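For reference, the chains in residue letters:
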Amino acid sequence: DQQVKQNSPSLSVQEGRISILNCDYTNSMFDYFLWYKKYPAEGPTFLISISSIKDKNEDGRFTVFLNKSAKHLSLHIVPSQPGDSAVYFCAASASGGSARQLTFGSGTQLTVLP
Amino acid sequence: DSGVTQTPKHLITATGQRVTLRCSPRSGDLSVYWYQQSLDQGLQFLIQYYNGEERAKGNILERFSAQQFPDLHSELNLSSLELGDSALYFCASSVDPGNTEAFFGQGTRLTVV
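So the sequence lines, in the order shown, correspond to chains A and B. Numbering-wise (our numbering), the first sequence opens with residue 6 and increments by one. Numbering-wise (our numbering), the second sequence opens with residue 67 and increments by one.
Hints in this document: simulated from the structure, not taken from any laboratory. You may find that some hints are simply not true.
To be verified - With a Cα cut of at most 30 Å, we get these calculated BS3-like pairs of lysine-lysine:
id	chain 1	residue 1	chain 2	residue 2
1	A	Lys59	A	Lys76
2	A	Lys76	A	Lys10
3	B	Lys75	A	Lys76
4	A	Lys73	A	Lys61
5	B	Lys75	A	Lys73
6	B	Lys75	A	Lys61
7	A	Lys10	A	Lys59
8	A	Lys61	A	Lys76
9	A	Lys61	A	Lys10
10	B	Lys75	B	Lys123
11	A	Lys10	B	Lys123
12	A	Lys10	A	Lys73
13	A	Lys59	A	Lys73
14	A	Lys59	B	Lys75
If you're wondering where the values come from, they're calculated on a predicted model, not measured in any experiment.
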């Protein structure tokens, strides 16, 4: 049972336009959400996060939106750049005792076309 | 460079064999996580250690085991390997077990033939 789902395996966007990556989750215990970016032959790198007490978090060109009622989050990249081409993983965490571990989605390959 | 070092980068072995994957966390990080990424799958959490002790377990098979040593490096042992164990194995570290902004190594690609 996939608790974190990224239903689009790939997305192509023109340089300068907006990229919107989507993520759905099923576990209502999740209270912290993260996006990771992964280039080939490298490990995932942390991009941006959001706590369940917020509905939006912004960092430069990257904004994450959280809709708790729909159990949906999205990552907006504006403007998109060719260097943004990578696999983007959505991840979620539930507070449970003192240990947290991330549940990842299967990733979305973003290609930004010059 | 995340500061997390994993060795080896690539490993090819036969079914039934046993391998050990090694991870050195970022300097100062006490918590180590292991993840498995199979083809077209997201990262699956396997196990977490904090300061030498097991802290949380995920979907880790009984054939797999891990430990964290006093110098905080960690090893993931995979035994009786099967073709389906072929995957990327990532190690991540964080300062404490409650910190979810983990830093990942570049992974070990295991191929079982």
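- Which of the numbered hints above does this structure break? 3, 5, 6, 14
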